[in-house]
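Novice: With the hints as constraints, model all of the structure from the sequences given.
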Amino acid sequence: MKIKNKLYLSICIIIGLVLIIFFTELILSNKLAKVNRTHELMHHIHKDISELDIVAYEYLVYHEKRMKLQWDLKYNSLKDLIGAEISEEEMKSIHSDLEILASLFSELVVNYDKIQQLIQNNAPQKRIDLNKMLDERLISELLIKSHSIINTTSLKSEKAHLEAMKLQRIFSNTTFLLITFLAIITSILMVIIIRSITKPLKELTKGAEIIGSGNLEHKVKVYNKDELGSLATAFNKMTTYLKEITASRDDLNNEITQRKVAEKEINKKSIELKKQFEKSEEQRIATLTVLSDLNETTRNLKIEISERELAEKIQKVLFNISNALNTTDKMQDFYNKIREFLGNVIDTTNFYVALYDEKTDMISLPFNIDEKDTFASFPAGKTLTKYVIQSGKSLFAPKQLQVELSKQGKIDIIGTHSEIWIGVPLKKENKVIGVIVVQSYDDPNLYSEKDIEILSFVSEEIALAIKHKQAENQIKQDLKIQTALIQEIYHRTKNNMAVISAMLSMQSRRSENEYVKSTFREIRNKIQAMSLVQQKLYKAKDLSNINLKDYIEDLANLIMQSYGKLAKKIKMKFDLQDVRILIDSAVPLGLIINELVSNIFKHAFPNRQEGEIFIRLIKEKDETISLELMDNGIGFPQNFDPRKDGSMGLASIFSIAEDQLKGEISVKSKNGLKWHIKIKDNLHKERV
Amino acid sequence: MNEKKKILIVEDEVMLSAWLKMQLEDEGYFVCGSFTTGEKAIEFVQNTKPDLILMDINLVGEIDGIEAAEVINIKSKIPIIFMTGYADPEIYERAQKTKPVAYLIKPIEIWDLKPIFESIFN
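Which chain is which? The protein sequence lines are A and B, in order. Note that our numbering gives residue 671 to position 671 of the first sequence, counting from 1, and the numbers run on in steps of one. So the number in our numbering is just where the residue sits in the second sequence, counting from 1, plus 1000.
Incorrect hints may have been included.
[As the list claims (entries may be wrong)] Listed next, the in silico BS3-like pairs over lysine-lysine satisfying Cα-Cα at most 30 Å (straight line):
(1) A:K260 / A:K237
(2) A:K621 / A:K644
(3) B:K1005 / B:K1075
(4) A:K569 / B:K1099
(5) A:K569 / B:K1114
(6) A:K573 / B:K1075
(7) A:K517 / B:K1075
(8) B:K1075 / A:K602
(9) A:K565 / B:K1021
(10) A:K431 / A:K337
(11) B:K1005 / A:K526
(12) A:K565 / B:K1114
(13) B:K1114 / A:K571
(14) A:K541 / B:K1005
(15) A:K602 / B:K1099
(16) A:K517 / B:K1099
(17) A:K565 / B:K1075
(18) A:K565 / B:K1006
(19) A:K568 / B:K1099
[Unchecked claim] Covered by chain A, according to a simulated footprint, are these stretches of chain B (three or more residues, beta-carbon under 8 Å):
(20) 1044-1052
(21) 1067-1074
Everything labelled a hint here was simulated from the structure, so no lab data went into it. A quick note: this is a predicted structure, and the numbers were derived from the prediction, not measured. Every residue, glycine too, gets a C-beta built ideally from N, C-alpha and C.
Specialist: Written out as structure tokens, the structure is:
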């Protein structure tokens, strides 16, 4: 605890004690005063009653009215005195006694008056005596009472006096004791505080003396954490610091001495070194030369690396552009991609592709991105673009060169004048067809002449793309014409066949011979079978193959209709898969179907009975086309060999199937005829 | 039987129109005219009113069958059947605007026509 705090605490304790003493004294003196008052009061009452008693005696002796008045006066003042203190128990009894005393006295007065009156009225002695007796009794009672009060008060007065004495003693004793106690406590506190100050001070003084005598190892004892404790700590710190300073000073002295010695040594050696240095300087220069060579090499290498990186970047861009040529269909997309890729190595803010039309001397811009000008086409005239086209060489034109060319009358400047303009010709088979251009309107140093190389490559790619595109358009155009031509041929063939068919029909009508008529009909049906192929081909998208399913259905129906009444009761059923077949196989197969179906209508149901034809078409897994044709007619006669015994038409289908189509054909005659034809549609290659 | 129904044939292939005429006459119709151009057909219709016109779309004259039908439609309400070698959707759509009774793809046989004729005349 700090000394300051100790002092404050002590003062507080002392003030507390003083206050306690003060209050104790106050209480005691109060009590004493009260007792003294009682004593005084009793003494006063005692005196007054004694006086009252004397007055009463006087009255009893002299019976003067003045005395009665005096008694009353005294009594009243006494009563008032007691009345003021009536609250106390003791006073109450005195008060009541006093009242009794008053009533006795007044009775005595009344009685005396009565006696006097009786005497004056000469009342009988007996009565006077009676009253005198009463008078005597009253007097004696009065005296007794008054004495009793006097005694009581005198007793009480004495008692109060004794108590006052006692209290006085206690009071003085207590005061003495308390003051002594206060003195002791104060002394103890003082001693404690003084000790806590003097002891560390002594220690410090001693410490200072010891340190002063040179003993820097001495440490002052730290007793408390108070101000003196801090002082002691600071003192110790100071000692330590002092010690260090002293130590370093000693070291310094030592070092100075040593250095002086060393300096001499150094001086000696430096002379030697100088000599050596001169030698090594020569070596150093040699080394430096080597180093600078090395630096030069490194710099060159760095330049080479950055050049290589740029070259790789350009290579990548060129590769991308080259790639774009193969992946984009539209020229516009291609140009956009070129601009995008090219933008990685060259600024393409202003970039256009110009194509030159020799006939009209106009330049058109199929691609033009420009900050200032938005020409779609312009007369070639004497523009920079035209200049490049005429010269057939790339042009790197800063503003200065443009102005010069303009002055020479070689070019006219149209549009916004650019700070730098590069144009590279687009060549197709050594002929300049256009120019690709990049330019800047604000930065004359945006491009270098090296950029021409990159643009040259791009120009080659664009020329190639244009060439491709033109070739592609030519091919598309050719294909369109060819398609139209083929369609026209199919259409004409079909029409011609229809005309032939019509002519045959009309011819047949002239003949009445049934054989002739049926021959004509058969020929007509054959033509129709072929014509139907043309019709299907005309409708087909790829002009080379037809859907065999549709063809068979249509053909069978056509044949049936041509037989009119003969075919009325015959129903046809189909189970046909979607099979595509080339024209080269379709026509012969059509002729076979025509022959077989016609034969059914002609021969299978001779009695015009009800019948059924069933045709099934399947494409097997090995691409074989399998065609089955069945009827439930009468079949072949016994021992009938269709190859030998049949008509010319029947014989022809075997050779068509086997020789022309290189297929298989077989027939079974059981509950009608069952034809089975197998062909492979791979004899011919697709033509379109 | 009632009076024979009058049919007009407009077809640029003479052989085909002759064959068609022959067959129609076999079926009991009267072919009142047979032309190879739309212009002549229009001219003919101004004087004679056929009951039905068989109209080829591809004709040799300046106008095609559809245009001829449009002109004929303005003045009269003769049912028209188009016959064509093309199944071209554009032509088909154009033809439909003239509201024909049928649109047939060549080759056309009598059995294609008979049910249509019957539905019109009965």
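Novice: Check whether three or more residues of the segment 1067-1074 of chain B sit with their beta carbon closer than 8 Å to a beta carbon of chain A.
Specialist: violated (count 0)
Novice: Run the distance test for A:K569 versus B:K1099: straight-line Cα separation, threshold 30 Å.
Specialist: Distance ~36 Å between A:K569 and B:K1099 Cα, so the pair is violated.
Novice: Take the C-alpha atoms of A:K517 and B:K1075, compute the straight-line distance between them, and say whether it is at most 30 Å.
Specialist: Since the Cα atoms of A:K517 and B:K1075 sit roughly 44 Å apart, the hinted pair is violated (cutoff 30 Å).
Novice: Measure nothing beyond the straight line between the CA atoms of B:K1005 and B:K1075; if it is 30 Å or shorter, mark the hint as holding.
Specialist: Satisfied, since the Cα-Cα distance of roughly 20 Å is no more than 30 Å.
Novice: Verify the proposed pairing of A:K565 with B:K1006, using a straight-line Cα cut of 30 Å.
Specialist: 26 Å, holds
Novice: Straight-line Cα separation of B:K1114 and A:K571 no greater than 30 Å?
Specialist: 21 Å, holds
Novice: For the pair supplied as a hint, A:K431 and A:K337, is the alpha-carbon distance within the 30 Å limit?
Specialist: 25 Å, holds
Novice: Would you check the hint for A:K565 and B:K1114, treating anything up to 30 Å between C-alpha atoms as holding?
Specialist: 15 Å, holds
Novice: Between the segment 1044-1052 of chain B and chain A, see if three or more residues pass the 8 Å beta-carbon test, and mark the coverage as holds or violated.
Specialist: Since three or more residues must qualify, the claim that chain A covers the segment 1044-1052 of chain B is violated, with 0 doing so at under 8 Å.
Novice: Given the hint that B:K1075 pairs with A:K602, test it: the Cα-Cα distance must not exceed 30 Å.
Specialist: The hint is violated at about 50 Å.
Novice: Regarding the pair A:K621 and A:K644, is the alpha-carbon distance no greater than 30 Å?
Specialist: 34 Å, violated
Novice: Decide if the proposed pair is consistent with the structure: A:K573 and B:K1075, CA atoms, cutoff 30 Å inclusive.
Specialist: 48 Å, violated
The structure shown violates the earlier hints numbered 1, 2, 4, 6, 7, 8, 11, 14, 15, 16, 17, 19, 20, 21.
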